[in-house]
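Asks: What follows is the residue order along each chain.
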Amino acid sequence: MAEEFNVDGMLDMFLYESGQLLEKLEGIILEKQDADCFDDTDINEIFRIMHTIKGSSGIMMYENITRVTHKLEDVFYYLRESHPENVPHLELVEKVLAVSDFVNGEMDKIKDGEKPDGDEKEILEDLDNFLKRIKGEIKEQGIRLPRENKHEEPTQFYIAPVASEDSKFYRIVIHYRNDTQMSNIRAYSATYALKEIAEDLLYTPEDIISNEESANVILSEGFYMLLQTKSEKDEILSLIDSAEANQIDIERITAEQFIKGFGGVTQPEEQKIVIDLGEEPPAEKKEKAVTPGEYVIKAKETGKGKTLAKNQPKQQSIISINVEKMDMLMDLIGEIVIAEAVVLQNPDLNGMDLPNFQKASAQLAKITTELQEVIMSMRMMPLTNVFQKMRRIVFDVSKKLGKEIELEVIGETTEVDKNIIEHISDPLMHLVRNSVDHGIETDAEERVALGKSAKGKITLEARNEGGKVYIIVRDDGKGLDKQKLFEKARDKGLLGSKDKEITDYTDNEIYRFITLPGFSTKEQVTEYSGRGVGMDVVVKNIQSIGGRLEISSELNKGSEMRLVIPLTLAIINGIVIQAGNSSFVIETSSVKEFVRLTENSIVTEPDGEEYIILRGEAYPFLRLSRRFELDNALEKVDDGIVMVLEHENTQVCVLIDKLVREQEIVVKPIPSYVKKVKGISGCTQLGDGSIALILDIGGLIHDEERG
Amino acid sequence: MRNMAEREEMLDEDTQKGQFMTFQVGKEYFGISISYVNEIIMMQPITMVPEVKDYIKGLINLRGKIIPVIDVRVRFKMDPVEYTDRTCIIVINVKTTVIGLIVEKIAEVDTIQDSDIVPPPSLGRKDSEQNKYVYGLARTGDTMKLLIDPEKLIKDEDLEVMEEMQDEEE
Amino acid sequence: MKTLLAEDDFASRKFMDKYLSQYGECDVTVDGEEAVDAYMMALEDGEPYDLVCLDVMMPVLDGYQVLKAIRDIEAERGITKDQRVKIIMTTALNEERNVKKAFELGCEAYSGKPIDVDRFEQVLRKLGLI
Chain W
1 MAEEFNVDGM LDMFLYESGQ LLEKLEGIIL EKQDADCFDD TDINEIFRIM HTIKGSSGIM
61 MYENITRVTH KLEDVFYYLR ESHPENVPHL ELVEKVLAVS DFVNGEMDKI KDGEKPDGDE
121 KEILEDLDNF LKRIKGEIKE QGIRLPRENK HEEPTQFYIA PVASEDSKFY RIVIHYRNDT
181 QMSNIRAYSA TYALKEIAED LLYTPEDIIS NEESANVILS EGFYMLLQTK SEKDEILSLI
241 DSAEANQIDI ERITAEQFIK GFGGVTQPEE QKIVIDLGEE PPAEKKEKAV TPGEYVIKAK
301 ETGKGKTLAK NQPKQQSIIS INVEKMDMLM DLIGEIVIAE AVVLQNPDLN GMDLPNFQKA
361 SAQLAKITTE LQEVIMSMRM MPLTNVFQKM RRIVFDVSKK LGKEIELEVI GETTEVDKNI
421 IEHISDPLMH LVRNSVDHGI ETDAEERVAL GKSAKGKITL EARNEGGKVY IIVRDDGKGL
481 DKQKLFEKAR DKGLLGSKDK EITDYTDNEI YRFITLPGFS TKEQVTEYSG RGVGMDVVVK
541 NIQSIGGRLE ISSELNKGSE MRLVIPLTLA IINGIVIQAG NSSFVIETSS VKEFVRLTEN
601 SIVTEPDGEE YIILRGEAYP FLRLSRRFEL DNALEKVDDG IVMVLEHENT QVCVLIDKLV
661 REQEIVVKPI PSYVKKVKGI SGCTQLGDGS IALILDIGGL IHDEERG
Chain F
1 MRNMAEREEM LDEDTQKGQF MTFQVGKEYF GISISYVNEI IMMQPITMVP EVKDYIKGLI
61 NLRGKIIPVI DVRVRFKMDP VEYTDRTCII VINVKTTVIG LIVEKIAEVD TIQDSDIVPP
121 PSLGRKDSEQ NKYVYGLART GDTMKLLIDP EKLIKDEDLE VMEEMQDEEE
Chain C
1 MKTLLAEDDF ASRKFMDKYL SQYGECDVTV DGEEAVDAYM MALEDGEPYD LVCLDVMMPV
61 LDGYQVLKAI RDIEAERGIT KDQRVKIIMT TALNEERNVK KAFELGCEAY SGKPIDVDRF
121 EQVLRKLGLI
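Heads up: the sequence lines are chains W, F and C, in that order. Here our numbering is used: the first residue of the first sequence is 1, the next is one more, and so on. Here our numbering is used: the first residue of the second sequence is 1, the next is one more, and so on. Here our numbering is used: the first residue of the third sequence is 1, the next is one more, and so on.
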């Protein structure tokens with residue numbers, strides 16, 4: 001969550017810290033939801049959390065939050081002091097969650113710039129009654145009631161600034177054409193023109209009239225202005241003479257940014273990635289305390305910002321970077337990897353023995369690999385938050401449906417690109433809801449009769465492998481019923497013709513019916529699985545980030561939904577091979593081994609399919625040259641090499657002409673004009689400038705299955 | 001907001017109007033508005049891509065950018081010919097899609113006024129495949145040029161492929 | 001309610017002056033030193049201020065220095081906590097450390113700019129000023 005906020009702002013700090021506390025609270029609740037009661041540690045923790053939020057919301061003057069947390073603090077105060085027995089646990093859990101939801105809801109409003117105007121009356125009444133009952137219980141159990149919980153009223157208040165309707169603040173940058181004469185004078189006329197509407201105007205460089213040198217600075221860096229005015233953007237632009245201007249940027253900023261002048265220029269909120277340089281321990285940050293006297297300013301002169309008499313160095317361990325710059329950086333690192341290959345594999349070097357050069361190039365390769373890893377890691381964020389949301393969904397939906405479900409989470413610290421996180425949240429929610437709603441059986445006895453535990457199990461797993469991230473939702477429920485799916489698809493006319501038989505389709509194809517638009521019927525759509533939102537939208541969302549959905553299932557055993565998503569910048573380790581006149585690349589992790597075989601090791605079925613027996617096991621055999629109809633390929637198995645490839649527990653043997661080398665390659669997509677080819681997942685540029693196609697093992701294997 | 005760069009572009013468009021890159025395929029001469037043409041390059045090694053349409057010859061590496069190339073003869077359902085040293089690739093940019101057209105011979109850049117362009121005859125001819133993309137004819141010098149609409153060339157691909165996909169699903 | 005306003009920015013000064021004047025007399029100063037002098041003068045005259053509104057970034061002395069000076073003067077004169085003047089910082093600086101320091105030095109409220117007039121009024125009520 002730190003990534004989303006400017007953690008220094010008072011408001012953001014309140015939202016961030018309270019948010020963290022509430023997440024912690026939810027964690028405790030979900031952990032202890034099935035227990036008989038909270039233990040002392042839990043009670044203390046919850047008390048403390050409520051106390052803290054009560055206090056900080058009091059300072060921030062969010063009264064409804066204060067009242068609600070105040071009440072819940074009271075409840076836990078009594079629980080802590082008196083330890084009554086037989087506290088209705090489930091009810092208590094619900095009340096805590098109700099408070100948590102209310103506070104989160106109000107905080108969301110604040111985040112969106114709206115007033116936190118939620119009505120807390122109902123919750124207060126509810127808690128009041130509950131508290132009365134608890135007190136009653138305590139008395140009945142003969143325990144002495146503790147003294148009243150003393151609350152300290154806040155004595156200091158923070159009033160958050162509002163977005164002013166009158167005065168607005170803008171940051172304006174003018175870029176003049178390179179051949180512009182006397183840009184400093186032009187800049188001056190821009191400031192003069194704006195004086196008409198300006199309540200306050202600052203600019204840099206400052207000495208535009210007196211110093212001709214400033215013209216150079218203006219041409220190279222641009223002319224920056226900070227403007228306070230009641231006018232709108234278009235009025236401002238119309239005043240600035242754009243005759244020689246190449247480009248004029250104008251953006252709205254906050255009062256705080258305006259007052260900070262040109263030093264602390266930040267980018268628009270949505271575009272930030274906050275990078276944690278991670279070195280300064282938090283304690284050090286607190287030492288940068290404010291000292292009285294720091295903010296004395298020199299007498300203000302026109303056009304100059306408020307300059308502090310004393311210069312404050314600002315040190316942070318976190319910086320914000322514009323996302324566009326990150327994207328540019330990512331592209332460049334891809335280009336470097338290719339350029340490196342072009343240099344190191346240059347045909348000019350063929351046959352030359354250059355030991356010093358080899359050493360130097362090995363060093364270069366090492367550095368570019370590290371560079372690439374660091375850059376990719378900057379955009380990576382753990383899936384923890386997304387998975388946390390899923391936990392809550394499983395809890396809510398299973399409770400509402402009366403099903404007992406255990407959620408297992410594996411690999412939640414797996415990191416993926418920020419862009420991916422934004423796109424998988426919804427699809428994942430849909431899949432998880434499906435598992436809870438349709439996957440796990442409603443009747444626990446049904447499960448037991450099948451030899452399964454009464455409690456349903458859903459597993460949420462994430463892992464990084466070979467340039468792709470796998471996110472898997474697995475349940476041990478009913479599984480998909482092929483017969484039913486087929487009949488449903490047929491009856492809905494989704495099969496094209498009514499003459500198809502179930503045997504015309506592979507299992508995979510039948511499972512994929514659920515992703516056809518229009519598949520979910522009204523009966524199936526419940527409050528939780530979505531209103532006609534459907535699996536087809538899930539698939540579309542995943543495809544928009546270049547991923548795919550894989551489905552496996554076994555009747556009465558369960559189902560598994562796999563999201564396979566490529567990392568945004570895929571630089572993968574690959575093996576370059578040749579077949580015919582074409583070069584291909586295989587991901588190194590898919591290659592199990594290379595073997596030389598003879599023609600006799602091939603077994604041919606009557607339908608033309610071929611198999612190889614290797615160490616007593618049979619593997620499907622595929623001749624790449626035949627599959628892709630390549631020219632000039634070697635015919636005899638004896639002359640070529642066979643690669644044993646593996647993809648998700650299935651293996652296949654592929655005949656190629658020769659092995660070229662192992663290297664890092666930058667995965668580039670096949671141009672969209674060329675439609676998808678089964679078995680090819682992309683292309684890349686090799687060191688000698690030629691293009692190699694990247695093999696998609698899954699696609700090759702899948703096709704083999706179909707025969 | 002209008003800036004100098006935009007104004008220059010607009011000017012160029014005006015002077016570009018009516019300029020066509022012409023080339024020869026078989027016995028016919030074709031023309032394509034120069035506003036679509038990025039550059040003309042010599043024939044270069046093409047990496048074939050398996051299982052694509054016959055007229056998609058494959059991919060080329062254009063200074064680091066990987067773009068697909070199509071053989072215009074094959075696209076117009078003519079028999080393919082051997083590539084000679086005259087064979088060139090016209091790199092065109094149609095609404096952000098960049099592709100290369102392999103043509104037998106480049107002719108020159110002709111200026112053709114709108115008034116000189118006549119619509120093609122609509123009755124079915126032997127070369128009706130061309131007619132899908134030819135939107136007009138114009139005579140320059142002593143030859144007739146068939147003017148191609150590249151947007152149709154690109155768009156038609158999608159439609160055809162979509163129809164094929166639907167067939168597959170059935 | 002008698003108010004002392006210390007604000008060096010013209011536009012803000014006009015706004016605050018107009019706003020605070022509706023509750024009573026409002027004196028205006030443009031730098032930190034002037035503000036402390038004004039406070040002292042009122043104290044000596046036996047007509048002390050009820051409320052002081054301080055900007056943070058000012059010439060000569062900044063808001064923190066003024067805040068500290070006033071509290072020190074009050075401590076020296078034995079003025080008790082409930083009798084001391086109420087001080088509200090008004091500034092566009094919103095970082096947590098700025099607010100923390102101000103609270104530490106003993107102001108009653110810290111308001112970001114632009115000012116949320118409704119909330120401001122709420123605070124005046126809570127502090128018993130109106």
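I should point out that these hints are in silico values taken from the structure, not numbers from a laboratory. Careful: at least some of the hints might be erroneous.
As the list claims (entries may be wrong) - When the alpha-carbon atoms are kept at most 20 Å apart in a straight line, the in silico SDA-like pairs for lysine to any residue are as follows: (1) C:Lys100 <-> W:Thr291; (2) W:Lys675 <-> F:Ile46; (3) C:Lys100 <-> W:Pro154; (4) C:Lys100 <-> W:Val677; (5) F:Lys65 <-> W:Thr384; (6) W:Lys260 <-> C:Lys86; (7) F:Lys65 <-> W:Leu329; (8) W:Lys230 <-> C:Gln122; (9) F:Lys65 <-> W:Tyr170; (10) C:Lys18 <-> W:Glu152; (11) F:Lys65 <-> W:Lys95; (12) C:Lys86 <-> W:Tyr16; (13) W:Lys115 <-> C:Gln122; (14) W:Lys675 <-> F:Glu82; (15) W:Lys675 <-> F:Ile106; (16) C:Lys100 <-> W:Met380; (17) W:Lys678 <-> F:Lys95; (18) F:Lys53 <-> W:Pro671; (19) W:Lys230 <-> C:Phe10; (20) W:Lys678 <-> F:Asp54; (21) C:Lys100 <-> W:Leu92; (22) W:Lys230 <-> W:Pro154.
Asks: Looking at the structure, which of the earlier hints fail to hold?
Replies: 4, 5, 6, 8, 9, 10, 11, 12, 14, 15, 16, 17, 21, 22
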